[in-house]
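Undergrad: Going by my numbering, 248 is the number at position 248 of the sequence shown; the sequence numbering is gapless.
The set of hints was computed from the structure by calculation and includes no laboratory data.
Since the model is a prediction, treat every value here as computed from it, not as a measurement.
Note that beta-carbon positions come from the ideal geometry of N, C-alpha and C, so glycine has one too.
Check before you lean on any hint, since a few could be wrong.
Cβ-Cβ distance ranges computed for the label pairs, FRET-style [as the list claims (entries may be wrong)]: (1) 161 / 303: 48 to 54 angstroms; (2) 365 / 98: 37 to 43 angstroms; (3) 268 / 206: 19 to 25 angstroms; (4) 426 / 103: 32 to 38 angstroms; (5) 126 / 405: 51 to 57 angstroms; (6) 104 / 42: 39 to 45 angstroms.
Below, a list of computed lysine to any residue pairs in the SDA-like style, where the Cα atoms sit at most 25 angstroms apart [as the list claims (entries may be wrong)]: (7) 119 / 129; (8) 285 / 269; (9) 403 / 377; (10) 119 / 77; (11) 132 / 149; (12) 300 / 320.
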Amino acid sequence: MQRMKWMLTISLVFSLTFGGTGAANATQEGAAESAAGVAALPFSDIAGHWAKDAILQAYQAGFVEGFEDGTFRPNDIVKADQFIVMILRAHSVTKNGKTEFDPSWLASLEKEHPGFYHKIKNASTTSMFNFKNASSGYWATPYVNFMFDINALLETDLVFPKNYNLFQKQMKREASSYLIGAWFVKAEEKYDSLYENYVLSQSGLKDIENFSPYTGWYRATVLISGLMNGYPNRHFYPQRYVTRAEALTMVLRLRDKTLRKPFQPNLIGLHYSTNKGKIYLYDSKYALDMYTKMVELAKKNVSKGYVNLLEGNVIEVFSTKDAFDKYVYFTETGQFHFRPEDELVAFVYRDGSRKLGFSYPVTSTFKTSNDYLNALYELLAGNEKGTDLRKKIEEYIIETAQKDFSFNGKNISYREIAKRIEITIKY
Numbered sequence: 001m002q003r004m005k006w007m008l009t010i011s012l013v014f015s016l017t018f019g020g021t022g023a024a025n026a027t028q029e030g031a032a033e034s035a036a037g038v039a040a041l042p043f044s045d046i047a048g049h050w051a052k053d054a055i056l057q058a059y060q061a062g063f064v065e066g067f068e069d070g071t072f073r074p075n076d077i078v079k080a081d082q083f084i085v086m087i088l089r090a091h092s093v094t095k096n097g098k099t100e101f102d103p104s105w106l107a108s109l110e111k112e113h114p115g116f117y118h119k120i121k122n123a124s125t126t127s128m129f130n131f132k133n134a135s136s137g138y139w140a141t142p143y144v145n146f147m148f149d150i151n152a153l154l155e156t157d158l159v160f161p162k163n164y165n166l167f168q169k170q171m172k173r174e175a176s177s178y179l180i181g182a183w184f185v186k187a188e189e190k191y192d193s194l195y196e197n198y199v200l201s202q203s204g205l206k207d208i209e210n211f212s213p214y215t216g217w218y219r220a221t222v223l224i225s226g227l228m229n230g231y232p233n234r235h236f237y238p239q240r241y242v243t244r245a246e247a248l249t250m251v252l253r254l255r256d257k258t259l260r261k262p263f264q265p266n267l268i269g270l271h272y273s274t275n276k277g278k279i280y281l282y283d284s285k286y287a288l289d290m291y292t293k294m295v296e297l298a299k300k301n302v303s304k305g306y307v308n309l310l311e312g313n314v315i316e317v318f319s320t321k322d323a324f325d326k327y328v329y330f331t332e333t334g335q336f337h338f339r340p341e342d343e344l345v346a347f348v349y350r351d352g353s354r355k356l357g358f359s360y361p362v363t364s365t366f367k368t369s370n371d372y373l374n375a376l377y378e379l380l381a382g383n384e385k386g387t388d389l390r391k392k393i394e395e396y397i398i399e400t401a402q403k404d405f406s407f408n409g410k411n412i413s414y415r416e417i418a419k420r421i422e423i424t425i426k427y
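Build the full structure now, drawing on both the sequences and the hints.
TA: Laid out in structure tokens, this is it:
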């Protein structure tokens, strides 16, 4: 029902941006492959088209129609502004003639990405954004401006700065990957940069490096997420123009995860971990082993506090789950002065820096994490010398703001930075 709900609202996108007749004014994208019963198809030009199923799905849901001559024109080229309208409309619903962002999607966004949620809510109010074309001048001004208002795009953007002329050009695949990727990392998730680089190197796409300057920023994002794919002949064709059929496929995948086709590289022989469905790579087995050990120690020694695993290399300890939730909320909404402090944070560098350690606020009392702190000291010191190392560090804290020293054959650094104590070792 939810899926049908948002699908129905997208119909207006196409009627507003592409012209035609009916609720959706057919300039959508479309699809089709040859099939029996061509006469029963709603459009005369989709039989045999690769995106036929997507078009039929959209048509049956009621959000696309065709042109007056009974065609769908799936191979017509779309422009960047039309694609932006599709993305925004895909997250809307229309009720009693009024179109607004889908409340159920907003509720989910507020929970997962409160910062982006508030940007959308605030921008909707201040700009009075209502999914309508401009009453005069450039028709797509409200949609394009909104993307800047919510920081999905920046005015200093190197690919799509705030220059309306750029958005009125026919869109290439490199541009579509940039626009949909920019939205995706704000509204859904961002992937590990080491994993992204590996995916690009293993994609098998011969022209994956043939993007214009800066347009390839989200190449890996769209491949990993499955929003876009390469062609069977192992090309991505970044310079190829995007058709209605292709744009429709991207929009459908954006709103329906089951339609995505994620690229999954071979990970045999790599050092990696997974967290919340995402893959994180490590430059060495030692880095992975130490992170794994830190996680195990946290689970063993923190019984009352809340442990959060962040991005495959950070373990955060908060006094309660509520404190953690507030920390995330106030961080994403920019209300830093309201954030509760963590008790303790352990970390491992995965990028070849060959460094690991932990940090904590100078005011931390380790209410729920003292046992974990002791375990981390032991992990760093080794040979049951953790207590001695902690004592030495606490002496240095009284005497100075930084100290590099050798302990039990290991190079250890202590720093007091921005009201936090940080202890690290190089390996």
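Undergrad: Does the structure break any of the earlier hints, and which numbers would those be?
TA: 2, 4, 6, 10
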